[in-house]
Structure formats: C-alpha cells, structure tokens
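Q: This is what each chain is made of:
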Amino acid sequence: MAARRDWTPTDLAALSVESATVVPQSSAWSRVRASWSVRIGGLVLVILVAIALLAPWLGTVDPSLFDPASRDLLPGKQGEITTLEGETLKHTFWMGSDSFGRDIYSRVIYGTQVSLVVGVATALLALTFGIVLGLCSGYLRWLDGPLMRVMDGVMAIPAILIAIALVALWRGSLLTVVVAIAVPEIPRVTRLVRSLVLSIREEPYVEAAISLGTPTWRIMVRHILPNCVAPLVVQGTFICASGILVEAILSFLGVGLPPDIPTWGNVMAEGRAQFNEYPHNIFFPGVFLAVTVLAVNILGDGLRDTLDPKMAKRV
Amino acid sequence: MSDAAGPVLDVRHLTIGLPPGGERATAVQNVSFSVGRGEIVCLVGESGSGKSVIAHSVMGLLPQALPVRGGQILLQGEDITHAPVYRLRELRATRMSMIFQEPMTALNPVMTCGDQIDEVLREHTQLSAAQRRAKVLDIVREVLLPEPQRIVASYPHQLSGGQRQRIMIAMALVLEPVLLIADEPTTALDVTTQAQILKLVLQLQARHGTGVLFITHDFGVVAELAHRVAVLRLGDLVEVGSKHEVLQQPRHDYTRMLIGAVPTLKLQQRTVDATAPLVLRTQRLNKTYFGGGWFGKRRSVHAAQDVNLEIRRGQTLGIVGESGSGKSTVARCIVRLVDPTGGQVLLGHDDIAMMPSHRLRPLRKRVQIVFQDPYRSLNPRRTIGEALIEGPVNYGLSRLDALERAKKLLAMVRMDAGAMERYPHQFSGGQRQRLCIARALMMEPELLIADEAVSALDVSVQAQVLKLLEEIRERLNLAMLFITHDLRVASQVCDQLAVMSQGRVVEYGPAHQVFGAPQHEYTRALFAAAPGRDFAFGASAAPA
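Protein chains in written order, with this note's numbering: chain G, 13 to 327; chain B, 25 to 568.
Worth flagging that the hints you see were computed from the coordinates, not collected in a lab. Honestly, I wouldn't trust all of these hints.
Residues from chain B that keep clear of chain G, each with C-beta distances beyond 10 angstroms, as calculated [what the hints assert, rightly or not]:
(1) Gly60
(2) Leu115
(3) Gln125
(4) Leu131
(5) Val134
(6) Asp139
(7) Leu151
(8) Asp162
(9) Arg165
(10) Asp374
(11) Arg385
(12) Gln392
(13) Ile393
(14) Ala411
(15) Glu414
Partial chain G-side listing against chain B, Cβ under 8 angstroms, derived [said to hold, decoys possible]:
(16) Thr100
(17) Ala220
(18) Leu224
(19) Asn239
(20) Pro243
Built from N, CA and C at the ideal position, the CB exists for glycine as well.
The task is simple: from the sequences and hints, build the whole structure.
A: Printed below as a string of structure tokens:
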C-alpha cells in the first residue's frame, strides 16, 4: 500500500531542525566537582579521614595511658606518661591533659576514628533499611498502610530515648551505639524513599516496563531505585552528620560508648566537671566535633544543590 | 511620548544572548518586526525558536541569564529595552499585558479571581473600592463569564481551564493596554474551549483596538486569527508578511516546510480489508474511579462507560476526544495499566479484562503502548540499548539475540545503531519518540497503542513520526489504536474513528463517514472548533 502523503520535500529539512535541538547536558559528576560547597566540605572530610587513619603516627600515645603526675596540664606543657610496660616517657601535651593525666590530643585524634565510623555506619544502616522499607511501602500498596503506621510509631518516640533504652538493654558497644542512632533515622529515610517511589511509579517509563512484562522486583530495583539515588545521597550525608552529633551526645550523657574508649563525647563528659578551670578539656574535642559536622553538612548542601535541585527548593 | 500614528510595538534588530556553553550563542538574533494599533501579529515557530524569549523581553521579564545584547524594543515610541524596573512596573498592565499558557499556574491559588483582578486596579489607579468593584464586574462580564458575582468570589481551582484563561484575559485587559502579548494561551485548552477563547480575543481586540502579539506553534490558530505572521527558526526571523502571503505563498523554505507538515483535515482515503482477523475487541468496557470514602462522601467518576471497540489487523482505530473524555483510560485498560471495573477486553480469544497478573504476563507482549511525553517515557538512568532489550529478555530471549533485533529496529525507525550506548537525555523529543516506538516493536506486538504519541512534538517532527508509524503499520501489518485530541492528525492515519465524550463513545464508524457526515452533536461541535479548518494546509500549500 502506498504512503498516503507525499512528505519527501520536507523530510530532510525537518530532520536538520530536529537534530539541532539536542541539548548537551553537563553530567552530574562534573557539576558536583564544580561546586565550592562540595570541594570545601570534601576537603575537610578527606583531612579528617587522613587524621583518623594516621592517628598512631601523628605524635600520639595510646589514648588510654595515664600518669597521675601529669594531671590537669595546660595545652603545650611538657609532662610524663607511663606505658603499659611501666616505662615512663617524656611527652608534650599539645591539648593538655585531663584529671587522670591522659593526653587529650591523643584522645581527640583517636576519637576521630570512632566519630567517622559511627557517622558512616549509621548512615549506611539507616539508608539500607530505609530503602528496602520505603521501596516496599511505596510500590506494594497493600504493605503501605501497616508499614507506615509502624514507622509513625517509631517516629513518635524521641530518638535519644530509643538510644538510651537500647544501650541500657545491650550495654554500650560500637555496634549498639550505631544501631541505637540508626533506628530513629529509619522512618525518616523510609518516608523519603516512599514519597519518591510514589511519584516515580507514575512515570511513563515505569508503565512501559510493566507493559514490557518486567517483574515487579526488577522494576523496583532497576527502574525506581536508580532514580532515587540523588536525594538519598544527600539524605545520607545529613544522617551521617547527625549520627556523629548524637554519638557525642550519648557519650556525654554517659549512655554511649564506655568511658575508656576515646570519643569526643567522652572527652567532653570528663572535662565537664572542671570546665571552669580547664575549659580546654571541652574546647578541643568540641572544635573537632563542630568542624566535622559542619563539613559533612556543607558537603550535603553542595550535593543537594547539584544533584537534586528540586529538593533544594523544598528544604 | 506616545505616538498615535506609529506602531504600538516596534522591535528593531533585537539580539538576546544565551548563557555560555549552550548549543548556540544567542536565543534570537537581529529580529525586527512591529505590531500596529488594532493588529494581530502571530509569532510562529517550533520549540526552541525563541518566540517566548521575545515575548518575555518585551515585558521585561527575561531572566538575568538572557541579556539583551543589541537592538531596541519600542512601546509606542518609548524605548523600553533597558528601562528601569519601576518604569516597567508602571507600563505593565496599563500599556502592555501578557497572558500565559497555563492559566492554573499563572493565577494565585489562594486569592479569589476578583481580588486578583482588583489588585491590578489597586496598584495602578486611584479608584475607590466601589468603583473598582464595578470595574471588575464589568470586565468579567466582558470576557463573557457567566454569573460574574459568583466568578469574582471563586478561587481559580473552582473554575474550568477556559474560565481561568478568561480571568487571565480580564486581568490583562482591565486597564485597556495598547499591547496584549499572548504566549500560547490556548495550547493547554481543549479544542472547543480554544475556539471560544480565540473568538473572545478577536472580539475584544476589535472593540478596544488593542495590538496583539500572539505566540503560537499552531498554524490552525494562525489561520484563524492573524493579520500578519512572523516566522522564527532557531532565533532567526525568516519571514514576515500578511497572513495570506505567508500561509499561501511562503517564500522561505523553512516556512514552506512547516506549512507542508501541517496535517490537512482532508481525509486520506484508504481501502480497508473488512475481513482481516480481529485483533482486539472490547465489550461494554467500564472503568469507574472511586474517591472519598472513610469520612468524606464517596464519589465515583465514570471514566469509561460501555465502550465497545473493534480493531482488525492492519487497521488503525482512532479515538478522538477532549481531555477527560476517557480516551486514555480506555487505552490503559487495554494494556491493563489500570484494571477495568467491568466488561471484556478480548485479545484474540483471551479476555484479559479481569485476568490475574500471573496469567496476564504471557499476553502482555501482544499489546504495546507508546506514550505522549517522550521526555518521561525512557528511564533517564538506563541506556537506550538496555531499554530496548528489556522486554524481549523478560520473555526469555538471549541478550545477544535481543541486541540483534534492537539493531534492526533502530534501522527501521531511522536511528543510528550507535544510539544503543547513549542515554535518553542525549536525544531530542522526536528521536526519543522513535526510540519508544522501537522499544514497543521489540516485543513484536499484534496491537500498537499510540496514546497521544505525537501531541508533544513540533509539527515537522510530528509529520515524520506519523509517517513512521504509518510505514511500520503497513510493513508489519499491525493493528493500531491511535489516541489523539487533534482531528488533523486523526484524519491522516485513522481508518475507523471513535469519538469519545465524558467516558462514552458518542460516535463510531469508518473515518470517512464520521468526517464526512458527523451524526452526533458533539462530533459536529468538535469539527467546527478545529482552528483553521477552512484553510488549505499541507500538500496544497507545499511547493509543486
């Protein structure tokens, strides 16, 4: 059968118009790299990670060592410290010492390890559970009601209270603290993922996948999840920052990690009693905490602005 | 300052820059045209031609990223190209006004329509509250809105799309500006509503002697409205002239191509084999949506009621209707993207209307659908190759064989095989729509549904995609269900035509019958509303 219209004179001209309208787009990665927030936040974090990894070689001593002769030294003072073998070493206390004679500098530097691990682990744990639960409740409608009511229930309990209860139940260990901080974050991630899924599931490309006979789980994993990544990366950084902060709060309250483990919160808790005479006991870990949380938040802001402009307007 | 004899708007050698790194350096270059008192000038062009940029530059609404690099914009002789903000504010609404494409977003949802018109008067006049009130009611009456008192007290969401656009026009004209800029004001409206709005613009413009700069991509609208026409192509003004000059003796190749690509309303007659096997039959297909529940009153909407359709192999059934008529619901029921509430959908001998999903799955590949929005139909995070082979791989074809088939189909839709490695954002709308068609064909379906598949495309691209669909149907002997709101498009491709209104098929028969002698009142209204219906476009205007 013949074509119904004679299109030929126009086809070529039209094609040239069409190909001219292709818009080159800069990739997300190049936009991320160009963002100053990402650069600054990222740089500070890289330095902190380096500090955490290189802690033993940064002029530190074992953070649990103490010497009664070197109690309450001011920053920069020389003193002595006794190793586990009973050897006494000369040591400069760059950030002073606490009321047990422990080196605050070493404790703060080693504390970086704990803080970063807690932050990253919390974010990963909360994201993993949040993504699975959010995908299920957003895409499988029958699961939505029951699951979200449970989440509402979890959200109704203050986060610190859940953390205190969990630590009281299982004793303070790194794992307990991470779980205790992550659990209250899970409903928030779940809600975010659910709301993303609810809008993405209506996209024509998801409907196309349905009509192509793609199984439900594959639609969730291949079509919906990849399109949630940008907001989740951003959310992850914010959880990381709040995780670091909450860990310090828990340690400060004495319900986090045991006092012998050097964390910024523990150092500050011990310095609290002598805050009037020796403010440096709280000052140095406080500065590290503030800088870390600020860096993570700046990084998160930068990522949000570049990866997820829609959310940037909303928040 | 004001120059009664000269043109209302005079644009001279206007050049507007684009942000660096784009595909071209300027949005428009060296554009000159004028709008006289009481004259309607249509600015026509495809997407990306810069027509909206010009409109916004006149109103002083350009974003910082688009600086005016040269030329002048004269409003009644006054140079407003670089006018300060306060001067522009004085001029807006009093001497120049603009109406936009989407009246819902252009109106403030938390203010009553009356207050929004009143705000214009409060800002620009010293009238008392009572005088303003009287003036608001006058203008609402003038744009022919029923029950002005009620309309004035209504919020935008309580009005229909056409009524909202009338409110926008009332706001724009209440201070009798000399220039009205209309930026695609009827594109989001149904064809019958569009006809009424166009009529209203014509009436008001004649009564007040307003100069109108009307921006559109639709040559039907141009034929209906324009005194003079200016054609833009990628920021260049290629042709200006009177309506008859431009539409009937276009000088520039591009204009000729554009006008040639407008589908004619003349039916393309084709012999149809009435004995070809039936591919799809729906019987009393029903879809009712339920809203409310729990605490609110339970409401039900009959999106489709007793729809009976038949499509035979190698034939195209068109469903035409306005928005909300239920045409897309029918398509989605047939693909089972939504579950029908009643009736039968017979695919060959299988009734898939109520089939549970595990039994439906093997049948899904027999019906495939192409959607309206090419920008959202492809997953932005997957390559074209992955998108194409997804379906066949789901049904057990090996990746290698699927890739082989994908290459063949890309050739069939005139795309390069290199497309497979690329991501959707690297393609234009028309190219994406071809890719969507290829993806649907990968399943070797018996029935291809095109749900407004060409509606979002520019007219020249639309012509190519229509031609492609036609070709494919002939080559593969497919049955096609073609859903559109555009009668011109329907007249080009359909053998059978079903006209839907409010969930019901009001007229159904061979296309030549429906077009030639429409029986139902609604069908006749729909045809009467098609813009530019008396104007010969297409082949007749194309070069001999």
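Q: Run every hint past the structure and note whether it holds.
A: Hints versus structure:
Separation of B/Gly60 from chain G is adequate, the least Cβ-Cβ distance of about 31 angstroms exceeding the 10 angstroms criterion. Residue-level check passed: B/Leu115 sits 30 angstroms from the nearest beta carbon of chain G, beyond 10 angstroms. No beta-carbon of chain G is positioned within 10 angstroms of the beta-carbon of B/Gln125; the least distance is around 19 angstroms. At the 10 angstroms boundary, the C-beta of B/Leu131 stays outside the reach of chain G, the nearest C-beta of that chain being 21 angstroms off.
For B/Val134, the requirement that its beta carbon stay farther than 10 angstroms from each beta carbon of chain G is met, with the minimum near 19 angstroms. Every beta carbon of chain G lies more than 10 angstroms from that of B/Asp139, the smallest distance being close to 26 angstroms; the non-interface claim holds. A cut-off of 10 angstroms between C-beta atoms confirms that B/Leu151 is not in contact with chain G; the least separation is 38 angstroms. No beta-carbon of chain G comes within 10 angstroms of the beta-carbon of B/Asp162; the shortest separation is about 39 angstroms.
Residue-level check passed: B/Arg165 sits 39 angstroms from the nearest beta carbon of chain G, beyond 10 angstroms. Against chain G, the non-interface label of B/Asp374 holds: every CB pair exceeds 10 angstroms, the least being about 15 angstroms. The claim that B/Arg385 lies off the interface is violated: its Cβ sits roughly 5 angstroms from the closest Cβ of chain G, which falls inside the 10 angstroms cut-off. Once the 10 angstroms rule is applied to beta carbons, B/Gln392 is inconsistent with being away from chain G; the minimum gap is 6 angstroms.
Once the 10 angstroms rule is applied to beta carbons, B/Ile393 is inconsistent with being away from chain G; the minimum gap is 6 angstroms. Not every beta carbon of chain G lies more than 10 angstroms from that of B/Ala411, the smallest distance being close to 8 angstroms; the non-interface claim is violated. Look at B/Glu414: its CB is around 6 angstroms from the nearest CB on chain G, not clear of 10 angstroms, so calling it non-interface is violated. Of the supplied interface hints, the one on G/Thr100 is violated, with its beta-carbon coming no nearer than about 61 angstroms to a beta-carbon of chain B, more than 8 angstroms.
Look at G/Ala220: its Cβ gets to within about 6 angstroms of chain B, closer than 8 angstroms, so that hint holds up. Taken as an interface hint, G/Leu224 checks out: its beta carbon lies about 4 angstroms from the nearest beta carbon of chain B, inside 8 angstroms. Annotation: interface hint on G/Asn239 holds; nearest CB of chain B at approximately 6 angstroms, less than 8 angstroms. A least Cβ separation of about 14 angstroms between G/Pro243 and chain B goes past the 8 angstroms threshold, and the interface hint is therefore violated.
Consistency with the previously given hints fails for numbers 11, 12, 13, 14, 15, 16, 20, ordered from lowest to highest.
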